[in-house]
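Chemist: First to last, the protein sequences are chains Y and C. Each residue of the first sequence is one higher than the one before, counting from 10 in my numbering. Each residue of the second sequence is one higher than the one before, counting from 45 in my numbering.
Since the hints were derived computationally from the structure, they do not count as laboratory data. Beta carbons: idealized from backbone N, C-alpha and C, even for Gly.
FRET-style restraints, in silico, Cβ to Cβ:
id: 1; chain 1: Y; residue 1: I165; chain 2: C; residue 2: R128; range: 21 to 27 Å
id: 2; chain 1: Y; residue 1: V101; chain 2: C; residue 2: N49; range: 27 to 33 Å
id: 3; chain 1: C; residue 1: S125; chain 2: Y; residue 2: I157; range: 21 to 27 Å
id: 4; chain 1: C; residue 1: I135; chain 2: Y; residue 2: Q60; range: 39 to 45 Å
id: 5; chain 1: Y; residue 1: L28; chain 2: C; residue 2: V126; range: 31 to 37 Å
id: 6; chain 1: C; residue 1: P132; chain 2: Y; residue 2: A15; range: 36 to 42 Å
id: 7; chain 1: C; residue 1: S125; chain 2: Y; residue 2: A105; range: 33 to 39 Å
id: 8; chain 1: Y; residue 1: V14; chain 2: C; residue 2: E137; range: 49 to 55 Å
id: 9; chain 1: Y; residue 1: N13; chain 2: C; residue 2: I135; range: 44 to 50 Å
id: 10; chain 1: C; residue 1: L119; chain 2: Y; residue 2: L152; range: 20 to 26 Å
id: 11; chain 1: Y; residue 1: S154; chain 2: C; residue 2: N49; range: 34 to 40 Å
id: 12; chain 1: Y; residue 1: R97; chain 2: C; residue 2: I135; range: 20 to 26 Å
id: 13; chain 1: C; residue 1: V108; chain 2: Y; residue 2: F143; range: 14 to 20 Å
id: 14; chain 1: Y; residue 1: A166; chain 2: C; residue 2: I135; range: 18 to 24 Å
Derived, one-sided and incomplete: chain Y residues facing chain C with beta-carbon distance under 7 Å:
id: 15; residue: A59
id: 16; residue: L69
id: 17; residue: V84
id: 18; residue: T85
id: 19; residue: I110
id: 20; residue: T133
id: 21; residue: L153
id: 22; residue: V156
If you want the footprint, here are the derived chain C segments under chain Y, 3+ residues with CB under 8 Å:
id: 23; stretch: 56-63
id: 24; stretch: 113-120
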Amino acid sequence: MILNVAVYLCAAAAALSTLLMLFQHNPVKAALLMLTALLATAGIYLALSAQLLAMLQVILYAGAIMTLFIIALTVTPAAWRDKPASARVARVLGLAAAAVILTELLRVSTALKAAAGLPQFSETGTLAIARELFGRFAFQFELLSLVILASIVGAIALVSKRRTAQ
Amino acid sequence: MNSYNLAAIAFTLFSIAAAGFLTCGNLVRMLMFLELMLNAANIALVALGHNAASQAYAAMLFAVAAAEAGVGLALIISLASVFRTLEPENIKELKG
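In isolation and in its complexed conformation, chain Y is listed as follows (with noise of 0.2 Å):
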């Protein structure tokens, strides 16, 4: 019942939070709201008994992935002069595209009513984890190194390119 209560109330502070950057003009802001958000989502992972995906959740995105968008709000000095709103024609066709995606969704989604739901979320150990991502799946998680490196070697080319041509 407490987990139930949990879920929906990081769920509703993730969607404020995200609403909430719609309609923010400063982008540093945006990135605090942001940050709420993917804190919540670390709250609905702890209530969904995933400890080692909330922990995940604040280390990588809230602590790697937001200081790189910082940086680069610092970088980029056109992030400040940001326009103040975008055409109002465009912003409601967006927001009706929105719309359109989320009802879809869920109608297709109508079947998972039918499924029987999870009495109590049962605990998933990071042992249990640890044994999928290094036994049935260790070619895709070594695949994911290669990944990384590529996205390494390529943010260093772009960015080096970048000064070479200056």
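Given the structure of chain Y, go ahead and fit chain C onto it with the hints provided.
Modeler: Positioned in the frame of chain Y, the structure of chain C alone reads:
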């Protein structure tokens, strides 16, 4: 709480982030909303999976999100230095 409610939470977060992605006119902000969309997909994966395999997939998605943010921000910084703007409407040339 059944699976439908959990799915509805993830879908709502995804749609709000998608609305932000479609309406904002700033590249950094668009990447922020893209990360939030990926985050909502991760919530759906964890909430509907309920086993170790789905959580392992979610952990791998964290790494993909980090790689995406790194490359995306590097691209945006180099684009901003060339075009002196962060608004996608003002970036029209594709010359190398």
